[in-house]
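Enquirer: Sequence:
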Amino acid sequence: MKIKDKTVVQNLGFCGFGGAANFACVDVLDGRVARIRPLRYDQDYTPEDLNSWEYNVRGKTFTPGMKSLIPPLSLAYKTRAYSPNRVPFPLKRVDWDPNGERNPQNRGISGYERISWDEATEIIAAELVRIHDTYGNRAILVQGEGHGETKIISGPHGCQSVLLDNIGPEKGEYTVQARQPDSWEGWYWGAKHVWGCESHGQQNPQDNEVWDISNNSDALLFWGADPETTPWGWGGLLPSRLCYWFAEIGVKQIHIAPDVNYTNAVHADRWIPVLPNTDAAFQLAIAYVWMTEGLYDKEYIETHAEGFDWFEYYVLGSEDGVPKTPKWAEEKCGIPSYRIKAFARYWAKHIVSIAHCNGGGFIRSCFAHEPARLEAYLLAMQGLGKPGVHQLKLIEWGIQGIFPVPPSKVQPNLYAGYKGWKMSPPKHFIPKTMTPQAILDQENSISWYGHVICSMDRKDQFLGFEYPGDGPRIHMIWSDTPCWETCWNGGNAYQEAVRHESIEFYVVQHQWMENDTLMAD
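For the sequence shown, counting from 1, position 450 maps to 450 in the numbering used here; every step adds exactly one.
Misleading hints may appear alongside valid ones.
Said to hold, decoys possible - For lysine to any residue, the following SDA-like pairs were computed, each having C-alpha atoms within a straight-line distance of at most 25 Å:
id, residue 1, residue 2
1, K78, G31
2, K386, I249
3, K427, F465
4, K2, Q43
5, K92, V507
6, K327, Y346
7, K419, I249
8, K4, L29
To be verified - Each pair of labels, with its calculated beta carbon distance range:
id, residue 1, residue 2, range
9, V8, N99, 53 to 61 Å
10, M423, R473, 23 to 31 Å
11, D97, R458, 27 to 35 Å
12, D44, K2, 54 to 62 Å
13, H500, R130, 14 to 22 Å
14, E466, N99, 54 to 62 Å
15, K78, A120, 46 to 54 Å
16, D218, N51, 50 to 58 Å
17, T303, K327, 46 to 54 Å
18, D259, L518, 29 to 37 Å
19, E496, A265, 34 to 42 Å
Treat the hints as calculated values from the structure; they're not laboratory data.
Each residue gets a CB set at the ideal place from its N, CA and C atoms; glycine is no exception.
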């Protein structure tokens, strides 16, 4: 039986920067996707051709394998491609008339009618001219950032900026919705004020950490980490294989999280359930035990750190009269004081690293800068950088690089053709989480600190900004990242904002009728 007409090699990753490791073979039969399967690297090459590598540690061997480790989302992508809500042609909201009543209050309520590509492009062009002539280009809010399924030439969102950079006398004068460093929030606002590691605030570099941990660590703390699922869009299932590898070579895996996630259900030697967003209390109590029992590396602190006396002053209660004891922490974080003491003593007597998949809820909640910087303090107290003592990233990371495939001697780079989101500081912008407030509060200005995008250094966090400043308010939104109301907190406020009468045109580029697309004109 014929099972395919051809096979196309496709990257089915979800990081959206033309990278990731989810290379797949897509079998096509009669013009449709028949199946999706891993790409075998050795179908045309030998391991020697690929300059393959391996780890030999404690009598065991780890290799990256000879096939891509694509995750379930990629394997099942045929379902996404042929989804019933796929939009193969332009649609216009039935009660939105660019020459008459626009009915913004009905966004997300009224239905759609099919229009031609010519009509769609003519409407967008006419609206751009009208907005420019009436208000100026800064009245256009560009939602185009971050991750997606697109690649290099199409760009990971932000493609509309290529046009807007080149129209009118105000070239590039549109307003950007600046995406906060949501993947690294606590590290960005907290940890990098402790240990630097610009620009994201996580330990950097990560080179050879897996090798070092495999050889030297007794235990790995997975603090709010779920490497069985979180890294799917970037590194596929390689982090999963690493968890099995650590178990095989005897590196204990201790999980600290409120929930039994997919990883600690399978791999945890010990699960410590902490109440959500109370990790800082747990960390302070660990520091208290180390300080009062002399269980930290004093020589390292004396030679590699500054300001430890102020941290000690606070932990021991000299600042506020409240010693941060395990008993004090118990009431806040839900971990019994005896377990906090036992854990602190175990950590101090063993060689321990901490693993994250960027950080998860651990550094994405209110005041997340606190646990982020406290982690840097704790690692320093045990000699950060000594053999086996690290902060390990299991996403956007590398063993030999970002791609968990055998490294070639010459790696081609296509970024000369990149047309997508720019990580450089925008000239005019609104932080993404403040978009609803910027639209709904028509009477007042809003203010904040920093460009907020992930590529900025610490100094940027002390720069003040204001909207609308000396420019117009937003009257048009052009989005090719329509996931505000489902990927971020405050979806109801966002829906209310895009129904505001000041938003005269809301255009969305997306292949599926979902999320913010349902609100578009």
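Enquirer: Work down the list of hints and note, for each, if the structure agrees.
Expert: Status of each hint after checking the structure:
For the given pair, K78 sits about 13 Å from G31 by alpha-carbon distance, which is consistent with the 25 Å threshold. Annotation: proposed proximity of K386 to I249 holds, straight-line Cα distance about 20 Å (limit 25 Å). Distance hint between K427 and F465 is fulfilled; the C-alpha atoms sit about 11 Å from each other, no more than 25 Å. Among the hinted pairs, K2 with Q43 is consistent with the structure: their alpha-carbon atoms are about 21 Å apart, no more than 25 Å.
Proposed proximity of K92 and V507 is supported: the alpha carbons are some 9 Å apart, at most 25 Å. Of the pairs offered as hints, the one joining K327 and Y346 holds, with about 18 Å between alpha carbons and a cut-off of 25 Å not exceeded. With a CA separation close to 44 Å, the supplied pair K419 and I249 exceeds the 25 Å bound. Proposed proximity of K4 and L29 is supported: the alpha carbons are some 4 Å apart, at most 25 Å.
Separated by about 44 Å at the C-beta atoms, V8 and N99 break the suggested range of 53 to 61 Å. Under the hint 23 to 31 Å, the C-beta atoms of M423 and R473, about 26 Å apart, fit the expected range. Against the hinted window of 27 to 35 Å, the Cβ-Cβ separation of D97 and R458 comes to about 49 Å, which falls outside the hint. A C-beta distance of roughly 23 Å is found between D44 and K2, which places it outside the suggested range of 54 to 62 Å.
Take H500 and R130: their Cβ atoms lie about 18 Å apart, and the range 14 to 22 Å holds. A hinted range of 54 to 62 Å is violated for the C-beta pair E466 and N99, which are about 35 Å apart. Range check, K78 to A120: about 28 Å between beta-carbon atoms, so the 46 to 54 Å window is missed. Evaluation of the 50 to 58 Å hint for D218 and N51 yields a failure: the beta carbon distance comes to about 32 Å.
The hinted range of 46 to 54 Å is not satisfied by T303 and K327, whose Cβ atoms lie roughly 33 Å apart. For the pair D259 and L518, the beta carbons lie near 30 Å from each other, so the given range of 29 to 37 Å is met. At roughly 39 Å, the beta-carbon separation of E496 and A265 lies within the given 34 to 42 Å, and the hint holds.
Hints 7, 9, 11, 12, 14, 15, 16 and 17 from the earlier list are contradicted by this structure; the remaining hints agree with it.
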